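Colleague: Residue strings, one per chain:
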Amino acid sequence: GQQVMQIPQYQHVQEGEDFTTYCNSSTTLSNIQWYKQRPGGHPVFLIQLVKSGEVKKQKRLTFQFGEAKKNSSLHITATQTTDVGTYFCAEEYGNKLVFGAGTILRVKS
Amino acid sequence: DTAVSQTPKYLVTQMGNDKSIKCEQNLGHDTMYWYKQDSKKFLKIMFSYNNKELIINETVPNRFSPKSPDKAHLNLHINSLELGDSAVYFCASSPAGVNTGELFFGEGSRLTVL
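Taken in sequence, the protein lines are chains A and B. Going by my numbering, the first residue of the first sequence is number 515, and it counts up by one from there. Going by my numbering, the first residue of the second sequence is number 199, and it counts up by one from there.
Think of the hints as simulated: they come from the structure by calculation, not from any bench. Warning: the hint list may mix true and false statements.
[Claimed, not checked] Derived contacts from chain A toward chain B, CB cut-off under 8 Å, selection only:
hint : residue
1    : E529
2    : S540
3    : N609
4    : F613
Source: prediction; values computed, not measured. By construction, the Cβ of each residue, glycine as well, lies at the ideal position given by its N, Cα and C atoms.
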C-alpha cells in the first residue's frame with residue numbers, strides 16, 4: 515500500500531541543536547499530518563498541512579509542505595529534553611491514515 | 199476524563215490463548231480504528247469502523263476479529279495467539295473518517311505472547 519518514506523530513522527542531538535525529519539511521497543498528497551509519540555506513550559496529533567508550500571509554526575516547531583505536495587518536513591529549533599520521542603508523518607490513502615516509519619529523536623543534555 | 203480509553207493496558211499470555219482488548223471513546227466520533235505498533239515503532243492500520251460498520255480490513259489474519267456494539271466502542275478479539283502478535287495495539291477515533299482531520303489515540307494495550 516501507499517506509504518510515505520520518512521528519514522532519518524534515528525537522530526541523536528545535543529540539547530540546543532536543531533533537528534529535522536523529512537517525509538517523501540512518490541505521489542501528490544492531499545494533505546499530511548504530523549504526530550509525536552513520547553517514549554511509552556501514544557501518538558498525539560501535532561498538525562495537518564493542506565496547501566501547497568504551506569508553512570506552519572508551533573513555538574520551536576516548523577512544519578512545511580512542499581510546493582508539489584509530495585514532501586513535508588518538521589524542524590525543531592534548539593531542541594530540549596522534552597522533545598524526545600518518535601515523530602511520525604501520516605498521509606491519507608483512500609479512507610485510512612497511513613503512517614511513515616517515524617523518526618526517533620534522542621536529546622543529550 | 200480520558201477521551202479514548204483502552205483496557206487492559208498490559209496483557210501477558212501464553213501462545214494459543216484467546217484474548218480481548220476493549221476500547222471506548224467519549225468524543226462522539228463516528229469512526230474508530232485499531233492500529234498495531236511493532237517493536238520497531240511501525241504503526242500499521244488493522245481495522246476501521248464507521249458508525250458500527252466495518253470499512254477497512256487490512257490483510258489481518260482471521261484470528262483477529264473486531265466488534266463494534268455501538269459507535270462509541272470497538273473491541274478486538276484475538277484467537278490462538280502467536281508470538282508474532284506481541285505488540286502495542288492502539289485504538290483511535292476520528293470525527294467522520296480521516297478526511298476530517300486528526301486521530302485521537304488511546305494509551306495503547308501492550309500484548310506480550312510467551
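Colleague: With reference to the structure, classify each hint as holding or not holding.
Modeller: Hint by hint, here is what the structure shows:
1. Using the Cβ-Cβ criterion of 8 Å, the hint placing E529 of chain A at the interface with chain B is not satisfied: the shortest such distance is roughly 22 Å.
2. Here the hint on S540 of chain A is broken, as its CB sits about 19 Å from the closest CB of chain B, past 8 Å.
3. Of the supplied interface hints, the one on N609 of chain A holds, with its beta-carbon coming within about 6 Å of a beta-carbon of chain B, less than 8 Å.
4. This hint holds: F613 of chain A has a C-beta 4 Å from the nearest C-beta of chain B, less than the 8 Å allowed.
Violated hints for the displayed structure, listed by number in ascending order: 1, 2.
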